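Going line by line, the protein sequences match chains A and B. Numbering-wise (the numbering used here), the first sequence opens with residue 2 and increments by one. Numbering-wise (the numbering used here), the second sequence opens with residue 2 and increments by one.
Hints in this document: simulated from the structure, not taken from any laboratory. It should be emphasised that the depicted structure is a prediction, and the values quoted were computed from it without experimental measurement. Hints are supplied without guarantee of correctness; some may be wrong.
Copies of the same chain are indistinguishable here, so a pair counts whether it falls within one copy or spans any two.
[Stated by the list, open to error] With a straight-line cut-off of 25 Å between C-alpha atoms, the simulated BS3-like cross-links for lysine-lysine are:
no., residue 1, residue 2
1, K115, K557
2, K112, K557
3, K554, K115
Protein chains: 2
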Amino acid sequence: MSRILRVNMTDLKAKFEEVPQKYNLLGGRGLTSTIVADEVPPTCHPLGPSNKLVLAPGLVTGTTAPSSGRLSVGGKSPLTGGIKEANAGGLAGQKLARLGIKAIIVEGQPKDDKLYLLRVDRNGAKLSSARGIAGRGMYEVDRLLGERYPGAGIIGIGPAGEMRMAMAGVSVNDPENRPGRYAGRGGLGAVMGAKGLKAIIVDDTGGPGVEVRNPGMLRTEARKLADALTTHAVTGTALPTYGTSVLINIMNEAGGLPTRNFSSGRFEGASKVSGEMINELATKVRKGEGRVGHACHPGCVIRCSNIFPNPDGTHHVSCMEYESVWALGPDCGIDNLDDIADLVWLCNDIGVDTIEAGATLAVAMEAGLARFGDGAGAIKLLKEVGKGSPLGHIIGGGAAFTGKAFGVTRVPTVKGQAMPAYEPRAVKGIGVTYATSVMGADHTSGYTIAPEILSVGGKADPFDVNKAELSRAFQYTTAFIDSTGYCLFIAFAILDIASGFDGMYGTVNGVFGTSLTADDVVKIGEQIVKTERRFNQLAGLGAASDRIPEFMKLEKLPPHNTVWDVPDAELDKVHA
Amino acid sequence: MSRILRVNMTDLKAKFEEVPQKYNLLGGRGLTSTIVADEVPPTCHPLGPSNKLVLAPGLVTGTTAPSSGRLSVGGKSPLTGGIKEANAGGLAGQKLARLGIKAIIVEGQPKDDKLYLLRVDRNGAKLSSARGIAGRGMYEVDRLLGERYPGAGIIGIGPAGEMRMAMAGVSVNDPENRPGRYAGRGGLGAVMGAKGLKAIIVDDTGGPGVEVRNPGMLRTEARKLADALTTHAVTGTALPTYGTSVLINIMNEAGGLPTRNFSSGRFEGASKVSGEMINELATKVRKGEGRVGHACHPGCVIRCSNIFPNPDGTHHVSCMEYESVWALGPDCGIDNLDDIADLVWLCNDIGVDTIEAGATLAVAMEAGLARFGDGAGAIKLLKEVGKGSPLGHIIGGGAAFTGKAFGVTRVPTVKGQAMPAYEPRAVKGIGVTYATSVMGADHTSGYTIAPEILSVGGKADPFDVNKAELSRAFQYTTAFIDSTGYCLFIAFAILDIASGFDGMYGTVNGVFGTSLTADDVVKIGEQIVKTERRFNQLAGLGAASDRIPEFMKLEKLPPHNTVWDVPDAELDKVHA
Numbered sequence: 002m003s004r005i006l007r008v009n010m011t012d013l014k015a016k017f018e019e020v021p022q023k024y025n026l027l028g029g030r031g032l033t034s035t036i037v038a039d040e041v042p043p044t045c046h047p048l049g050p051s052n053k054l055v056l057a058p059g060l061v062t063g064t065t066a067p068s069s070g071r072l073s074v075g076g077k078s079p080l081t082g083g084i085k086e087a088n089a090g091g092l093a094g095q096k097l098a099r100l101g102i103k104a105i106i107v108e109g110q111p112k113d114d115k116l117y118l119l120r121v122d123r124n125g126a127k128l129s130s131a132r133g134i135a136g137r138g139m140y141e142v143d144r145l146l147g148e149r150y151p152g153a154g155i156i157g158i159g160p161a162g163e164m165r166m167a168m169a170g171v172s173v174n175d176p177e178n179r180p181g182r183y184a185g186r187g188g189l190g191a192v193m194g195a196k197g198l199k200a201i202i203v204d205d206t207g208g209p210g211v212e213v214r215n216p217g218m219l220r221t222e223a224r225k226l227a228d229a230l231t232t233h234a235v236t237g238t239a240l241p242t243y244g245t246s247v248l249i250n251i252m253n254e255a256g257g258l259p260t261r262n263f264s265s266g267r268f269e270g271a272s273k274v275s276g277e278m279i280n281e282l283a284t285k286v287r288k289g290e291g292r293v294g295h296a297c298h299p300g301c302v303i304r305c306s307n308i309f310p311n312p313d314g315t316h317h318v319s320c321m322e323y324e325s326v327w328a329l330g331p332d333c334g335i336d337n338l339d340d341i342a343d344l345v346w347l348c349n350d351i352g353v354d355t356i357e358a359g360a361t362l363a364v365a366m367e368a369g370l371a372r373f374g375d376g377a378g379a380i381k382l383l384k385e386v387g388k389g390s391p392l393g394h395i396i397g398g399g400a401a402f403t404g405k406a407f408g409v410t411r412v413p414t415v416k417g418q419a420m421p422a423y424e425p426r427a428v429k430g431i432g433v434t435y436a437t438s439v440m441g442a443d444h445t446s447g448y449t450i451a452p453e454i455l456s457v458g459g460k461a462d463p464f465d466v467n468k469a470e471l472s473r474a475f476q477y478t479t480a481f482i483d484s485t486g487y488c489l490f491i492a493f494a495i496l497d498i499a500s501g502f503d504g505m506y507g508t509v510n511g512v513f514g515t516s517l518t519a520d521d522v523v524k525i526g527e528q529i530v531k532t533e534r535r536f537n538q539l540a541g542l543g544a545a546s547d548r549i550p551e552f553m554k555l556e557k558l559p560p561h562n563t564v565w566d567v568p569d570a571e572l573d574k575v576h577a
Numbered sequence: 002m003s004r005i006l007r008v009n010m011t012d013l014k015a016k017f018e019e020v021p022q023k024y025n026l027l028g029g030r031g032l033t034s035t036i037v038a039d040e041v042p043p044t045c046h047p048l049g050p051s052n053k054l055v056l057a058p059g060l061v062t063g064t065t066a067p068s069s070g071r072l073s074v075g076g077k078s079p080l081t082g083g084i085k086e087a088n089a090g091g092l093a094g095q096k097l098a099r100l101g102i103k104a105i106i107v108e109g110q111p112k113d114d115k116l117y118l119l120r121v122d123r124n125g126a127k128l129s130s131a132r133g134i135a136g137r138g139m140y141e142v143d144r145l146l147g148e149r150y151p152g153a154g155i156i157g158i159g160p161a162g163e164m165r166m167a168m169a170g171v172s173v174n175d176p177e178n179r180p181g182r183y184a185g186r187g188g189l190g191a192v193m194g195a196k197g198l199k200a201i202i203v204d205d206t207g208g209p210g211v212e213v214r215n216p217g218m219l220r221t222e223a224r225k226l227a228d229a230l231t232t233h234a235v236t237g238t239a240l241p242t243y244g245t246s247v248l249i250n251i252m253n254e255a256g257g258l259p260t261r262n263f264s265s266g267r268f269e270g271a272s273k274v275s276g277e278m279i280n281e282l283a284t285k286v287r288k289g290e291g292r293v294g295h296a297c298h299p300g301c302v303i304r305c306s307n308i309f310p311n312p313d314g315t316h317h318v319s320c321m322e323y324e325s326v327w328a329l330g331p332d333c334g335i336d337n338l339d340d341i342a343d344l345v346w347l348c349n350d351i352g353v354d355t356i357e358a359g360a361t362l363a364v365a366m367e368a369g370l371a372r373f374g375d376g377a378g379a380i381k382l383l384k385e386v387g388k389g390s391p392l393g394h395i396i397g398g399g400a401a402f403t404g405k406a407f408g409v410t411r412v413p414t415v416k417g418q419a420m421p422a423y424e425p426r427a428v429k430g431i432g433v434t435y436a437t438s439v440m441g442a443d444h445t446s447g448y449t450i451a452p453e454i455l456s457v458g459g460k461a462d463p464f465d466v467n468k469a470e471l472s473r474a475f476q477y478t479t480a481f482i483d484s485t486g487y488c489l490f491i492a493f494a495i496l497d498i499a500s501g502f503d504g505m506y507g508t509v510n511g512v513f514g515t516s517l518t519a520d521d522v523v524k525i526g527e528q529i530v531k532t533e534r535r536f537n538q539l540a541g542l543g544a545a546s547d548r549i550p551e552f553m554k555l556e557k558l559p560p561h562n563t564v565w566d567v568p569d570a571e572l573d574k575v576h577a
């Protein structure tokens, strides 16, 4: 029987609770969002005592289901002011699940304004002082805690989270015990910081494991999914070979790679920072510790991660994935992979979302704080965040915040959250998702890029503005997948291979002894999105927040010279 | 026949237009808000090309009606994200009216990102480069432009407005040609800066004057109002003698003087910064250039302004009014009037709202950037704003922005705008106004302090939570008064003296030949508020924005040890 661990930071007490009946078939995002909606007052201050940080592994996380190690983190977002779920790979999700922990709810706030560690193992949960760990960057945190607790899953925040910056993420360590697997978006690291929690150590040694109602069914269905993943060209070949950065050349070709703070859709230096180039350097030119096909957690069959080497072959950073490379590269006009790797490393260490960080640096460049393309300048600006200087507190507040600080109007955000690596003016469907997602601008909440650019799951004209239905369908299905613990990248395969889709929800049936159908996937996803939207509406995020920024309606984007022209009515149809 | 002056900053052209019929009986706030609602897309970026800056003198401004020199400034606020009207005394309102200018609409944005001057006189309107004026503080701007255009009204922005900071106000010069009469609230100085407009010079020499339909009626009604103003204890005696700072001791006694960032309602140093002390220093101890009973524009019979002298009797600053003294004094724990005068002078020069500036310094102190009570520290922080350092850009963004930068949760704002000098936990009605005003936290939009504390216009228990009706009545009537051009301080007299109230709208009848009644005052005010609320709703400010910050519900305020306990339902009743 799995349980909920409730950690009260005011009393510094951790206690286990039974899982309420209504949460039984919820996991991951479905569970974090439902708990947040049930327990957090929508108008509370995100950094105050009434907000809660909820962590939950997915429904099949910790089982043998492939690529299912995601850990969801939820709360009211300091960045968007709305509900937030962000999820990450790494070790902790599986270990929590195997300890029989359905969710951790962190609430209250320490009276002494100090930082604490939470250790969870088969014997229970215990809070202790974070002395010696507080104030450290995440690489050191993982190293120090890894020495104390070898093999443990470590969930932690860097200095940015401690300083309650709105771009702070929640790190999860990877199999090499390094940070970089981030529940990055929406500032949940700041919520963890405001709770006075520096890190959670998860040791599943001797844990009960995940209870599986129908092991035979789990095995069969997991096999169907694994077959789809290894067969499909994207998940079976492209991602393990080139990583997600395979998208750099593709999006650049499509004219939808946001460049120099969303002032162009094409970057002249794209090929220098592409997945192909990363592969070349990691496996042929530099080699050494360089690797592609790296898994961020045990049991991943996609292995889209990589280890990017220094010129001398030593480990530089893991991983150089598409969003990070784009945000800290093309969006800042930077075409030097070593500079980008430095920036990714700094983000991982300081503990900030790479997307928000890159988009913010680009806005800072627009404000004149460095010139586009200046890698050293970007590194210097990002270090200010770690130092907590006034400038660091501006940049640490994210792209919308930095734009406001310097009166910049070209600020690519929705609900205060920076847009990821797809230009809405060149790919309308993803813009519809950015605008209408409960999460703020977020590609993962309804990845219409699949049909619009990749011809996965059908084909859709990227310039067609009638995308409400397409985005809605993706948003609902995604909300379910985000609840399973599966990495969203399984979507590439299961959109094209029906047996893979069946295996996805079939494994849930195997674990819970349920008989969910493909229809239920959509229905459950819809329910989750509606719960989240209700929270947002009560928090004050109404129709006016479901909009693309004005500059995209006024400025034509090269090379297609298109503006954002999806009517507001189309946006309002998504959740009507 | 009065006209509208439309200034297009993209084409750098100014042209006069006929006043549309429907605007004929609108002036001041009623006119700025209606034009903004008609012409500005609610979701536009406040600093982008689609926002407009609208300036309009009141309905009776420029006539012989007493204390009626207010100039309204409107637009979409960079601070609140909603519609904004702020008004100021000084010379420009009357002069614009006497040139027959009903409103100036400033639109577009210069392509060259440069700053311009607009000169308006009986021959027309002309734009020219602001070379030699750009970048200067408002004291120098007024001096330099006053040398070029002696006796002119000067509307301008300081460095804060040029830097598009959200606490930037719009200055109007006073009879001594100094800044300090600010349409301060809501960041309209940043909008003016984003329009590329450094200053507007208004020379009414040889102008046609205000057309008066019924001069006899105007004379009679103006006399009724003037009699009420000179008779009433507040407007006839207290304000000319002690200035508005007479409220320091009164609010301190009531336990409603927000102290050290709204952590107490009583300040041990109140008597040192009171209106009585200002009077003592200005008229008895220091004398010299010190003055009370100073008028901010010709024709004011209240004369609540003062000139505060340095210890040696030389001019220090004008004026030391209640909100400024409180914000930069007690709210920062500062009890030294000379330090406060320095801070007021800096606000006037840099061009920022004193309320927002003081509240922001208090939040910065809460964040540890200076200690409460440290006048020199506060001065140093405020100077950063003028310098435009990163810290200055944080503080220049206002209290909510600064709170967000440093993760502070005790931030006394509504809709992003700082609360003025009345504690909602000690005076519930004003809290209802703060929460539900279209303007963000704003005492002037529904001054229930009159009955709650001053026994003016009846009596109301400050702790009674049923204040929806009271606040609504004040909000409607105020919207009308803000449209007339009368200083809101006439309200003290006309709430108690019926003939004064009759004189208020009677003068409007005199000017326009209309036959408005007391009922029409409320109806027209209601119409204005509804127009403004419609804009706000479309801009995304719904019910969740009509709330008092969470910390006031959680923290008891000394000395009464009360929390904010007005139910949300009571707030929602105001505009239901």
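Outcome of the hint check:
Taking identical chains as interchangeable, the C-alpha atoms of K115 and K557 lie at most 25 Å apart only when they sit on different chains, with a minimum of 23 Å there against 50 Å within one chain. Taking identical chains as interchangeable, the C-alpha atoms of K112 and K557 lie at most 25 Å apart only when they sit on different chains, with a minimum of 16 Å there against 52 Å within one chain. For a Cα distance limit of 25 Å, the shortest separation of K554 from K115 across copies, 24 Å, qualifies, whereas the shortest one inside one copy, 46 Å, does not.
Comparing the model with each numbered hint stated earlier shows that all of them hold.
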